[in-house]
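Given chain A, work out where chain B should sit, using these hints.
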Amino acid sequence: METADSAPGLGDGASPDVHHKIGQLTRQLHDTLRELGLAEKLRGTAEELPDAKSRLSYIARLTGEAAEKVLNRVDQAKSQHDQLTAETQRIKALMVKDPVAAVAKGHIMNFLTDVEQANQTLDQHLTEIMMAQDFHDLTGQVIARVVNLATNIEDQLVQLLIQTAPPDAVLPKPTAAEGHPVLQGPVVNAEGNPDVVTSQSEVDDLLASLGF
Amino acid sequence: MANQLRFLVVDDFSTMRRIVRNLLKESGFSEADEAEDGVVALQKLRASNFDFVVSDINMPNMNGFQLLAEIKKDEKLKHIPVLMVTAEARKEDIVLAAQQGAAGYIVKPFTKATLEDKLTHILKKMGLQ
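Sequences listed follow chains A and B, in order. So the first sequence is numbered by my numbering: it starts at 1 and just counts up by one. So the second sequence is numbered by my numbering: it starts at 213 and just counts up by one.
Okay, chain A solo, but in the shape it has when bound (with noise of 0.2 Å):
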């Protein structure tokens, strides 16, 4: 078994040369970083990269609830229509059977206030699979501002190599950088913010005590 004092590593094959020069390399690259002035940007962009990460967990967690929800409902509902279907073969026997029997037993009566029922039993899982599709709305600002992030790696990117490059080389011409909306959009990790609400009751409760 290799263990990990005995596992080759990049120092036993790489000559104190290659290792030297790598260092060199880096060196320079942070040194003409700071002097462009694109240190504290690029430091900026990559801090906000564990931010774009939880928001498409986000993502990935609100689509997967809402597909879940709309499965659930759907299986609920279907359950539900299967039993109505049932009942009404066996309400159509017993007219077929015997109609005034039917009536006056009072299966007619009892089957048409269970189709009452059904229907407003369905009616609300309809109502929550139309809710489960806001979904589209949340993720939809999250993923803009995950875009947004994208693209000002890509314009500071763009800026480091125009700025690098040599005089003669053509390169394409830098987007202006959009800055950060004032607008913060669905709040994907409320734990530990104490400036943001995390229910309708806050919300309700904040306002009450603004006197609204």
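A couple of the hints might just be wrong.
Claimed, not checked - Straight line, CA to CA, 35 Å or less: simulated DSBU-like cross-link-like pairs of lysine-lysine: (1) Lys-336/B x Lys-284/B; (2) Lys-336/B x Lys-69/A; (3) Lys-337/B x Lys-320/B; (4) Lys-320/B x Lys-69/A; (5) Lys-336/B x Lys-324/B; (6) Lys-320/B x Lys-78/A; (7) Lys-337/B x Lys-256/B; (8) Lys-320/B x Lys-53/A; (9) Lys-69/A x Lys-237/B.
Honestly, the hints are just simulated from the structure, not real lab data. A quick note: this is a predicted structure, and the numbers were derived from the prediction, not measured.
Relative to chain A, chain B alone:
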């Protein structure tokens, strides 16, 4: 009387406009039109009669705060209640909306019951229910 009211639903996402319109219809308000941002909303508000605005905040061209401000400074429109329905959950946004004259504030995602509750509250305040 309340179910005769005419609503304007403002949101840049067509899915959300459709959801809100359907919910309004389920609550008995079938008279509704829609706009995809504040600019279109203002044009429609000035061109026709509306009794109630349900608006998102984060929209292109003119956001919900700007729309609210335009409505409140327009003598012909300022009486129209504006209910904000938005994903913006920062306390400062909620306070700003209240200070600018919003009639209510709902944070997305929301339920049908929340929307109905806010509508009832606002309409009662207006003396329409």
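- Any hints this thing doesn't respect? Which numbers, in order? The structure conflicts with no hint, since it agrees with every one listed earlier.
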